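Participant: Residue strings, one per chain:
2 protein chains.
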Amino acid sequence: MMVGDTILVMSRRATLSGLLAILLFLSLPALAQTGATDPLPSWNDTATKKAIVTFVERVTKDGSPDLVPSADRIATFDNDGTLWAEQPIYFQLAFALDRVKALAPMHPEWQDKEPFASLLKGDLKGALAGGEAAIFEIVTVTHSGMTTDEFEKIVRDWITTAKHPITGRLYSEMVYEPMLELLAYLRGNGFKTFIVSGGGIDFMRVFAGQVYGIPPEQIVGSSGKLNFELRDGRPILMKMPELNFNDDKTGKPVGIQMHIGRQPIAAFGNSDGDLQMLEWAEGGGGVRFALLVHHTDAEREWAYDRKSSIGHLDKALDAAQTEGWTVVDMKNDWKTIFPFGSK
Amino acid sequence: MMVGDTILVMSRRATLSGLLAILLFLSLPALAQTGATDPLPSWNDTATKKAIVTFVERVTKDGSPDLVPSADRIATFDNDGTLWAEQPIYFQLAFALDRVKALAPMHPEWQDKEPFASLLKGDLKGALAGGEAAIFEIVTVTHSGMTTDEFEKIVRDWITTAKHPITGRLYSEMVYEPMLELLAYLRGNGFKTFIVSGGGIDFMRVFAGQVYGIPPEQIVGSSGKLNFELRDGRPILMKMPELNFNDDKTGKPVGIQMHIGRQPIAAFGNSDGDLQMLEWAEGGGGVRFALLVHHTDAEREWAYDRKSSIGHLDKALDAAQTEGWTVVDMKNDWKTIFPFGSK
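Order-wise, the sequence lines are chains W and S. If you count the first sequence from 1, position 139 lands on 139 in our numbering, and the numbers rise without skipping. If you count the second sequence from 1, position 76 lands on 76 in our numbering, and the numbers rise without skipping.
Next up, chain W with everything else stripped away, as it sits in the complex (with noise of 0.2 Å):
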């Protein structure tokens, strides 16, 4: 028995040695175009890929006169159309339709109430017709109600089983594959990674740390006002139906300073929601980053920008032509788009 393990190990790794060596050859080429130790090796050899690299080294290089302190390279992420997708709607969005009819049965009177009735027959148009107290509506009957602990449990249930309705994957796989190595490297630079997100501070963090090895206290993001009650003599904290904070927009730096305390040096978003953040960002003084990811690939994922409702964005696209912020061409700057390929 012990022979036999120990051959079968030596022959395990005759074999892995074989692929290693097999693997390496094939990547030679690959190796000489980008170094040895490519660590953004789903983004292509472009501008962009430069431009970010480039003050990754100014800010973290030792003797480098722009040598920012490890404590003080804070980076902000936005979360929808930026490290995830967003299209056809808001995915947090969608886990709310799906929470409106799982409650459904247990809410006759949504039968004939707005937009309750629109959306149980399928048409979320006629839904979102009441614009943003429609919206505030159906948020809140799937937000609140309910401790934070009870709320995390259904989030995890929906995240860890939903899918994608184009995809057909969970919406934990419809992550930026180029975004996450951006993460990573940053991270390895001594970066300190927050997501900023007009998205459910609660929500997000149910998943973040798994998908973007983000940990719950770096994440900022939009809220309802908490009660902490005792129940049966537990203290639990109740997720009340009453907005605490709206993270978006001008709200983004004002999330960062309650959050974090000071400035980011890197700030990375998609939309007009973001242009804020990358202002405050940029505003800090000393060598400074800000990236928009536009979307132009309508094959692997979607395009659209300007007039597009979700994910619109047009005023932060004019500010990063003028203010010379990078702007990925998503395109033609991502080798992948999704771990899992494409759309």
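For the record, the hints were derived by calculation from the structure and aren't laboratory data. Nothing here was measured: the structure is a model prediction, and the numbers come from that model. The reader is advised that the hints may include incorrect statements.
Said to hold, decoys possible - Straight-line distance between alpha carbons at most 27 Å, and here's what the computed BS3-like set of lysine-lysine pairs gives:
no., chain 1, residue 1, chain 2, residue 2
1, W, Lys-331, W, Lys-315
2, S, Lys-50, S, Lys-101
3, W, Lys-225, S, Lys-249
4, W, Lys-61, W, Lys-163
5, S, Lys-163, S, Lys-61
6, W, Lys-225, S, Lys-307
7, S, Lys-121, S, Lys-61
8, W, Lys-192, S, Lys-192
9, S, Lys-343, W, Lys-192
10, S, Lys-249, W, Lys-192
11, W, Lys-225, S, Lys-315
12, S, Lys-113, S, Lys-249
13, W, Lys-153, W, Lys-163
14, W, Lys-113, W, Lys-125
15, S, Lys-163, S, Lys-192
16, W, Lys-335, W, Lys-125
17, W, Lys-225, S, Lys-225
18, S, Lys-192, S, Lys-307
19, S, Lys-125, S, Lys-307
20, S, Lys-225, S, Lys-50
21, S, Lys-113, W, Lys-249
22, S, Lys-50, S, Lys-163
23, W, Lys-153, S, Lys-343
24, S, Lys-163, S, Lys-153
25, W, Lys-192, W, Lys-163
26, W, Lys-315, S, Lys-315
27, S, Lys-343, S, Lys-331
What the hints assert, rightly or not - Computed beta-carbon distance windows for the label pairs:
no., chain 1, residue 1, chain 2, residue 2, range
28, W, Asp-318, S, Leu-243, 35 to 43 Å
29, W, Ala-71, S, Asp-98, 22 to 30 Å
30, S, Gly-286, W, Glu-229, 43 to 51 Å
31, W, Arg-187, S, Glu-323, 36 to 44 Å
32, W, Asp-112, S, Leu-103, 36 to 44 Å
33, S, Lys-113, W, Ala-71, 26 to 34 Å
34, S, Met-106, W, Ile-135, 42 to 50 Å
35, W, Ala-71, S, Ala-71, 18 to 26 Å
No residue lacks a Cβ here, since even glycine has one placed at the ideal position from N, Cα and C.
Assemble chain S onto chain W, guided by the hints.
Facilitator: Below, chain S alone, put in the same frame as chain W:
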């Protein structure tokens, strides 16, 4: 020159070796008593110290059935009366009073307007007779109407120059040496340490890094509203005269959820304002630790609890008894109070 320097270095080395030998010899009994690497040398060897060490070993030692993954080792600390002193008045109130005096020449109307008129005559009691409304007014004029950057500079100037009225020490020196050791001990064991205080978040952030080794993003506190604006094209955050969040009592678990997103496994406080934070930490299930600093040393620090308006400790002291929380008896548990000795 070269030879001379070498001799100097050598003789200095010889002297250092001799000193080291003497110091080692002198400290042998102490080493034998507490172990060569006692991480809490300012704590007497009482049940309190044992409770701390036992807890930390239970949740961190490999193979312990109560092992907590490093990512979940969250410890939250109140500030006033827990990490630094709070007598004869909260230090942030001392800051505000100093600011009122500094701003008075620009506000002639304050001469006839309470609470400022009394304050400027040196009558603190009269000024605070207006209760919470008076304090709110003092806090408002001293903590808003400027940018976050401007406020940071004002606090930095104050904290590096203002002296405590009784000890004559800088306020930043009035920190508890045993608690500094405890912070370092927890961090050395993979804990992430947070401040969760009723004090102002932007106030504490100015010195918490240097004094406690806690970065701005790990400070939770009370705050005013912020407004993002462009001033001459440059982005700023204005501190507005409106309360955003009161991080006290039931606000502490809420602040913890907002900023940290999970229940601490250890919480440290000293007053009824910390009761709910300790309940929240204890309520998470598994091995948890809750500690109250009881101010029992009138000679070396101050002695106060149930009847004090500052650091009022009444319900939480009862809860400690019924819940079995650890209570620091400052007089008997702490060998040293402040880094410079005692009051």
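Participant: Under the constraints set out in the numbered hints, which ones does this structure not fulfil?
Facilitator: Numbers 2, 4, 5, 6, 7, 9, 10, 12, 15, 16, 18, 20, 21, 22, 23, 25, 26, 30, 32, 33 - these are the hints that the structure violates, sorted from lowest upward.
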